[in-house]
Amino acid sequence: MNARSNIVWGIVAVAFIVFLLSPIVLLVVFSFTSRTLTNFPIEGLSLRWWQEMMVTRQFWPAFANSLIIGLCVALVSAVVGTLAAMGLAAMPKRRASIIMALLTLPVMLPPLVLGVALLSFYVTIDLKLGLPTVILSHVLFAQPFVILIVHARMVNFDPRVVESARDLGATPLQAFFTVTLPIIRPVVIGAALIAMALSIDDFIITFFTIGTGNTLPTLVWGMIRTGLTPAVNAIGTLILLLTIGSTVIALQLTRYRG
Amino acid sequence: MENRSTYWLVAPSALIFAVLFIAPMAFFVLVSFWQVEYFELNTEPTIGNYRDVFANYWHVMSFTVAVATATALLTTLLGFAFSFLARFRAGEWAQVLLFIVLITLFGGYLMKIYAWKTILGNEGVLNSALMAMGIISSPITSLLYSPQAVVVTLMHFSLPFAVLPIYASMRGISDSEVEAARDLGAGRWPILSTVIVPRCQSGIVAAFSFVFLMVGGDYVTPLLVGGKLTMIGNLIAPQFGAQFNWPLGAAMSIVMLIAAVVVIYLFRLLVALWSRQ
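Sequence lines, in order, name chains A and B. Per this note's numbering, the very first residue in the first sequence carries number 16; after that it's consecutive. Per this note's numbering, the very first residue in the second sequence carries number 570; after that it's consecutive.
Read the hints as simulated data drawn from the structure, not as lab findings. Backbone N, C-alpha and C fix where the C-beta goes; we use that ideal spot for every residue, glycine too. Warning: the hint list may mix true and false statements.
Simulated restraints on C-beta separations [claimed, not checked]: (1) B:G756 to A:G25: 21 to 31 angstroms; (2) A:Q267 to B:W577: 38 to 48 angstroms; (3) B:A624 to A:I204: 22 to 32 angstroms; (4) B:S771 to A:P201: 21 to 31 angstroms.
Isolated chain A, as found in the complex (with noise of 0.2 angstroms):
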């Protein structure tokens, strides 16, 4: 009976892998194929896209845009996230977690809405689409990620190991920056991975909010518009690389689980 039970549950098991996973390893793989189809059977395994994907006029651009805008994200809301992590950390707890609720808001919508509504405002401010914009939209949703996962190791952080540096004689500052931060640092640097990935995959605010010029996604996105070629399949590869490899590094520095 049990051991039947277990059969079962191993079954459920592999399916959900194979259904969240599937998808993504047949991208990668495709972006291997050698012909135009991205089916089976496959009948070789070549670079031939990839190399295409180098010689795509647009594709350094978008890959330079992605890579900036990423980096500049994952600054700015490491720095922003993890005060605010700090300042909630010595909150009341129930205050701390109104905060934190609002401060969230902008993950609860959906990404459409907040796209669109951040492209009415930034173009009746005047303000200039591009880079920047994208960055300060990016900003706003990463921010909520960086905080939550700052804040879950600031909750189990000893105070008493700043007030005795404190009472050593040192400022403020000094004590964040020889105490503090060299606790919490694998973590930051975790959170500001996540802000990245997060940063890097966003098609739909990134769509609305850039103007001209392109990221990786919407260079996907144009390519899947006007027609289908394996190139998109190497381009995707790279986007997961980036996003899932900067995901497992940060997963591994914060162990974080949610």
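Place chain B on chain A using the hints.
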């Protein structure tokens, strides 16, 4: 002194939130009461856009709510099953399952939808694999560009968002609670229904809300795998591009958000009722 500096630390985040969220959303609500005339915004307040939404786009709106409700229910159910598996049945494999959910959470929104397009197409992965194995002789043409394709794709990218809140609340249930119920003679189903589900209420509602909102506003999935299917997002997006009718687009968005709040509230009542019996 110490206390005030605590609030200053939150100030940068709060400023970003106020300037880039509160202000744009307030403006967005305002715009929904304006009108476009000759490609200019007329700021005379009117409820004409809302009347327009109810008169002309009602079927798209109700179709969207139906798809979002179905997807959110199914995904929450799957998310619950996954969380149950990870929490109570998987043992040390729980870490692996959770890891997979987390890495699929943060990456590949557009690529996942695109992958389903290549999987379900006539000359796609599924049909070609089935034909190569000799199971079918001609492609099943109804896989792509159907409501089922839309729902499966939406479920795929929203499942991780459903798992996390439910798993988080399941982690709060101790093994001893479940054992106590079993010792008192409760069978498997009663334990699930009267012990586990009530303890996961907030997680279940959060999962449903996440998925419903994400799906209700999605326009990429219907475009890529839905064929002629139109969801409200497909009507909203062009209002901010080629069609240039911000007020109408804003009104559509707000009606959709209000519908979402109503459905989520009803779902919450349902879960609370279940838990009370």
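Against the structure, the hints:
1. Evaluation of the 21 to 31 angstroms hint for G756 of chain B and G25 of chain A yields a pass: the beta carbon distance comes to about 22 angstroms.
2. In this structure the supplied range 38 to 48 angstroms is violated for Q267 of chain A paired with W577 of chain B, their Cβ-Cβ distance being about 33 angstroms.
3. The hint said 22 to 32 angstroms for the Cβ distance between A624 of chain B and I204 of chain A, and at roughly 53 angstroms that hint is violated.
4. For S771 of chain B paired with P201 of chain A, a C-beta distance near 30 angstroms keeps the hint of 21 to 31 angstroms intact.
In the structure shown, a violation is registered for the earlier hints numbered 2, 3, in ascending order.
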